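A.B. asks: What follows is the residue order along each chain.
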Amino acid sequence: MVSTLELPTPRMEEWRWADMQALRSAAEAEPRVTGLDPADLFLDLDGPRLCFIDGAFEPAHSRPGAVQVTRQIVSSTHPLASLAEGEGWSLHIEPEHAVTAIQIVHLGSGGESHVPARIVLAEDAVASLVETYAGVGWANRLTSISLARGARLMRSVRLLQDEGFVSVRDEAEVGEAASLVSIFLGAGGMGSRIDGALTLTGKGAFAEMGGALLTRGSQRQECAVAVRHEETDGSSRQIWRAVAADKSVASLAARVEVARGAQKTDGEQSLRGLLLDRTATVNLKPELEIFADDVKCAHGATVGELDKNALFYLESRGIDKARATAMLTRSFVADALSRIGEDAVREAFEADADKWLGGTL
Amino acid sequence: MCPGQEFGTQVMLKIDNLRAEVDGKEILRGLSLAVNAGEIHAIMGPNGAGKSTLGYVLGGRPGYAPTGGSVRFDGVDLLELEPHERAAAGLFLGFQYPVEIPGVSNVQFLREALNAQRRGRGEAALSGGEFLKLARAQADALGMDQEMLKRPVNVGFSGGEKKRNEMVQMGIIGPKLAILDETDSGLDIDALKAVGDGINRIMRAPDKAVILITHYQRLLDYVQPDFVHVLEAGRITRTGGPELALQLEREGYGVAA
Chain H
1 MVSTLELPTP RMEEWRWADM QALRSAAEAE PRVTGLDPAD LFLDLDGPRL
51 CFIDGAFEPA HSRPGAVQVT RQIVSSTHPL ASLAEGEGWS LHIEPEHAVT
101 AIQIVHLGSG GESHVPARIV LAEDAVASLV ETYAGVGWAN RLTSISLARG
151 ARLMRSVRLL QDEGFVSVRD EAEVGEAASL VSIFLGAGGM GSRIDGALTL
201 TGKGAFAEMG GALLTRGSQR QECAVAVRHE ETDGSSRQIW RAVAADKSVA
251 SLAARVEVAR GAQKTDGEQS LRGLLLDRTA TVNLKPELEI FADDVKCAHG
301 ATVGELDKNA LFYLESRGID KARATAMLTR SFVADALSRI GEDAVREAFE
351 ADADKWLGGT L
Chain V
362 MCPGQEFGTQ VMLKIDNLRA EVDGKEILRG LSLAVNAGEI HAIMGPNGAG
412 KSTLGYVLGG RPGYAPTGGS VRFDGVDLLE LEPHERAAAG LFLGFQYPVE
462 IPGVSNVQFL REALNAQRRG RGEAALSGGE FLKLARAQAD ALGMDQEMLK
512 RPVNVGFSGG EKKRNEMVQM GIIGPKLAIL DETDSGLDID ALKAVGDGIN
562 RIMRAPDKAV ILITHYQRLL DYVQPDFVHV LEAGRITRTG GPELALQLER
612 EGYGVAA
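Protein chains in written order, with the working numbering: chain H, 1 to 361; chain V, 362 to 618.
If you are wondering where the hints come from, they were derived from the structure by calculation, not from laboratory data.
Some hints here could point you the wrong way.
[What the hints assert, rightly or not] Within a straight-line C-alpha distance of at most 25 Å, the following computed DMTMM-like cross-link-like pairs (lysine to aspartate or glutamate) qualify:
| # | chain 1 | residue 1 | chain 2 | residue 2 |
| --- | --- | --- | --- | --- |
| 1 | V | Lys-511 | H | Asp-320 |
| 2 | H | Lys-321 | V | Asp-549 |
| 3 | H | Lys-308 | V | Glu-473 |
Quick caveat, the model's predicted, so the values are computed rather than measured.
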């Protein structure tokens, strides 16, 4: 169908590393049986559960609780997110209420699926959310997030599709003293585009978007995140790690924008790539755009190979080379995943990363 | 005759005419040494003589390529083994500059190391509880804060703490042969004593042996060597008892014995 005709091209600067060919192939793939049981994709947490199969809500594997299944009109102008119209889910939490351990599972069997989501937290409301992508095909998602004063959202997203493509776009407004933390793990065989536009609209807001992309074979994954500070005393973090093996490509583009008048902004940006093979590629594009004068923005961007000294140190203590490589690679991504607040969720993500390492090294 | 060979019958390590290159440059030029179980050997020598290279070649570090001669460890051709297999065979290399590994805790690293070695020897792995007990006892014995066991390997440790940590590792792993490369460098007097005591406690046994690679005599005040060798230009040029170390300290390496 569609949509793939109007895809962005590499000539557009913000899409220069995007693998739209993989997206197109995924969208055109014939549906097939994945053999995956949605029940296995949920973590063992008490909380609302929603399952979308090929973009359609699947009540048999869901217990939505506070989450509503709704049709949504999308106003995003983003080239992929603007396609994410139709049936989706929304979460509205009243002031000072909390809903935690919400899980959303997206299972694809081929072709394209589009799901919009909306998260609105009123003053001092709290929510935590885990999203899992599995199967095949092109999964395209838009998540609109609005956090009122003092609201807190912790979101953990893992991309575990065997193949195909996952594109996720977050558009968030973070109000006064509110906190948004979104951590992503790309540890499947699919291509990906993790795209974010976070705006700190209130004084003292906090926004974080980061994670780890693990690529191998001829896979390409990327993130493209922009955090915009519009008010004073805000802080933001973008901690991204990319690990690339074989002939794969992992790309990290992250931008911090500080508007005129957004004084006392504290931004931290750390982009690091690790090449497991000389044939792999990591692209990094850190950007700072600062129009205020009383601002602290720490930033760093590096690409390298595993430290040979460290590798030999581990081997000399009896750990074989494959295991030593896995331990050091795991330690490389650890600080990106350590941001996940809930132990059970973090451990599940770490286990996914370990599984990837086990299959790669 | 190789030094050390005249004592006992059990040769643990026998290095014969060893040659090795680093970056295409020959560093070890026909080095021979025999170490029996129960012995402590000190290897001293000027900078650039090949002391650290000897440790790395024995440990199997990539880039330190043996080009001739042989090394037998408990009758096995050591140079044929991968670094981790050398460790499982009972070889421990103490690093001059222990490496920092963020994101991996000391406990996790050491348990993994010990159990990998035990598996390599066909022994059962230690449980978490058994391992912690062992690790705490060794940390206590070396005067290392228990909290440091939980911290990432060597991250933020002072020079002295890193060397103590090497000794804690040695105590936990319990090797047959320890090659300690400049373990005394960067230590204050208290740490030097703690490390010296650690070496004596862990390694002074009839079935164990130590090669202490050192530039200075001062560690030898705490760990009495049975033999002192001078390594110059890639081979051992002199061998004596503890008095040789004192003489070198007094007179420098340039003076003939």
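A.B. asks: Hint numbers the structure violates, sorted upward?
C.D. replies: Violated hint (a single one): 2; every other hint is consistent with the structure.
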